[in-house]
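Q: These protein sequence lines map, in sequence, to chains A and B.
The numbering of the first sequence is our numbering, which starts it at -5 and goes up by one.
The numbering of the second sequence is our numbering, which starts it at 9 and goes up by one.
Note that these hints are calculated values from the structure, not bench results.
Do not rely on the hints blindly, as some may be mistaken.
Unchecked claim - With a cut-off of at most 27 angstroms between alpha-carbon atoms, the simulated DSS-like pairs for lysine-lysine come out as follows:
| hint | chain 1 | residue 1 | chain 2 | residue 2 |
| --- | --- | --- | --- | --- |
| 1 | B | K236 | A | K303 |
| 2 | A | K246 | B | K148 |
| 3 | A | K308 | B | K57 |
To be verified - Away from chain B, derived, C-beta distances all over 10 angstroms, residues of chain A:
| hint | residue |
| --- | --- |
| 4 | S56 |
| 5 | L59 |
| 6 | N94 |
| 7 | S98 |
| 8 | I243 |
| 9 | F261 |
For every residue, glycine included, the Cβ atom is placed at its ideal position computed from N, Cα and C.
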Amino acid sequence: MSEFALQLLYTFDGTIRLATPLILCAMAGIFSERSGVIDISLEGKLLTGAFVAAAVAHTTGSPWLGVGGAILASVCMSMIHGFACITHRGNQVVSGLAINILASGLTVTIGIALFRQGGQTPLLAKGERFGPTEWWLVDLFNHVPILGTIYRELISGHNMLVYLALFLVPVSAFILYKTRFGLRLRAVGEVPAAVDSAGVSVIWLRYRALILAGLLCGIAGAYLSTAQGAGFVREMSAGKGYIALAAVIFGKWRPVPALLACLLFGFLESASSRLEGVPLPLIGEVPTQLMLALPYIMTVLLLAGFIGKANPPKAIGEPYIK
Amino acid sequence: MSAVTPPLPRWADVFLLPIINLSIALIICGVIIFAIGENPWTALIVMLKGAFVFPGSLGYTLYYTTNFIFTGLAVAVAFHAMMFNIGGEGQAYVGGLGAGLVAVFLAPSLPLLIALPLAIMMAALFGAFWGLVPGYLQAKRGSHIVITTIMFNFIAASLMVWLLSGPLMAPGQMSSQTVRIAESAEMAKIASLLGYVGFKVASSPLNLSFVLAIIALFVFWVLIWKTKLGYEIRAVGQNPEAAHYAGINVSRIIIITLAISGGIAGLMSVNEILGVQHKVILNFTAGFGFTGIAVSLMGRNHPIGIFLASLLFGALYQGGAELDFEFRTITREVVLLIQGLIILFCGALVHMLNPPMARLLARLIKPKELDHV
């Protein structure tokens, strides 16, 4: 394989690793926003999940218990959001912002109290985190030219949570489009009054959407600290929740297009780190900051209707009053 | 929600509710500190001493207060038009670029009387531009202001990293920052000004930007309640359709409001860049833009409320820094906790406390009124 093709393959490999937390958070955002609840608190839930996963994995020695803890904590954050905006009809953006700031403060404060390492968790040992999984027949396929390399580098060798994230995309699409719950969830984000008059509780439906969102963000958080990284570092979500929100909008609130947006954004991040200081043919050296800012710029352009049109769920942001 | 809720008296809305909200936030925070194994009361005393008592501490508190007045006012202006400007962080950041460009490149050849006002103006103009674009996209293209301003925060951050580690980076060193600004564009320190007239006070970063912030509070009050534009802003905020039928150009008002909001946020950089850092550095906004949201919510979008809330957050930030020295297990991040809780209770959960409070007050106050009859 040529050097260029190999570099490209590594970039795609990095794309999948970097896109995984975005994919999980984007699915979370879709459930929440499709039910009519704006969710800028993806970021805070992600950060909370990352911290709790690392703390539990370190204490118990089991990464799966870490995932469980992360889900629990992230769902708790989601429930605060629900309590404020569904039960008490508060402003959804304000509530989301409060949760993000709370998460920043809580993770560091509790982190210092538990581990005395300036807000980090101790470095996780090998058994306490998700390692790469070797797929069957990697050694056998290894001898097949090109396809063998692609199989080894791109498809095999990721950790369990990467595959889980990819698996959860069709699951999310199935829930949204093929189940009664999904139909009602979509309806409650468009015309909640209709759902209500059909005798289905708007409040309970939205709460369930937020529980799903919390669950998915928890897994994403666990991925950050116990699969991609080896421990929690303060502010380790680093805006990924917001990029995921951009991906939700970019994917027009649908799972598969949102997945593609996440992969695109992941690719930009992966490529930017490989292209740092490397001049490209024809266009020269591309500032990495520009590539990192592209997801945000593209989302702004899309929202403004300059590239396609993004129509949010009709009832989004509006508390339901009987 | 069957019982008719009487309206909350104005004094209760402005004073009582914020105090109750603050108390709840402090109590929850105290419980967390207690659970960690420290004494919340001792922590509070340390914070109060750190904010007001130690030499120079008051200056530091007021220096933080200055930042929060600007970012709080920025959010409040937009709130009056029912626009949620969550992009104060980016607008202040880009404002710093405007101030820095003048202060670094033009100011060396200009006298103070021209350089300083020009730098301040550019801070406001650059910030205004960073608010105007999302405002335009909201008014004319229907993009949600919250999402656009969030995106603009990140775009601003990328832009500044690129500029400060590239074209604008000071030569001959490794950190991403500009060269030092010219002295003619510096905001004078209040401690040294007081020194000239014979008062000796401990040195602190407090500078003339504080005076600018106080002026901004007053101008804000005049703008919102005493001018036609302010009336139109509030009309659009109360009911855009009614405003439209009253002949107000709603799109225009939204764009202008967001530009004003961004401009005020941009002025925050005057305090940081021209007053304290004396060069444009990475992340000088440090989350102050987001704190502005808490300040505005707590200050009920009124200048006096915003001043008091800014003072509170100034004290929390300065006092919180003191926690780092006095405790091993609690740090200034506790302040973020308080901030998050305040946004939660003052903002998101405002409907939880309001109606029961109003009913309670109505029950307490009514008998007295009957006596008068």
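Q: If a hint holds in the structure, say so; if it does not, say that too.
A: Hint-by-hint comparison with the structure:
no.: 1; hint: B/K236 x A/K303; result: violated, 36 angstroms
no.: 2; hint: A/K246 x B/K148; result: holds, 20 angstroms
no.: 3; hint: A/K308 x B/K57; result: violated, 51 angstroms
no.: 4; hint: S56; result: holds, 25 angstroms
no.: 5; hint: L59; result: holds, 22 angstroms
no.: 6; hint: N94; result: violated, 8 angstroms
no.: 7; hint: S98; result: violated, 5 angstroms
no.: 8; hint: I243; result: violated, 7 angstroms
no.: 9; hint: F261; result: holds, 17 angstroms
Hint compliance for this structure: hints 1, 3, 6, 7 and 8 are broken, all remaining hints hold.
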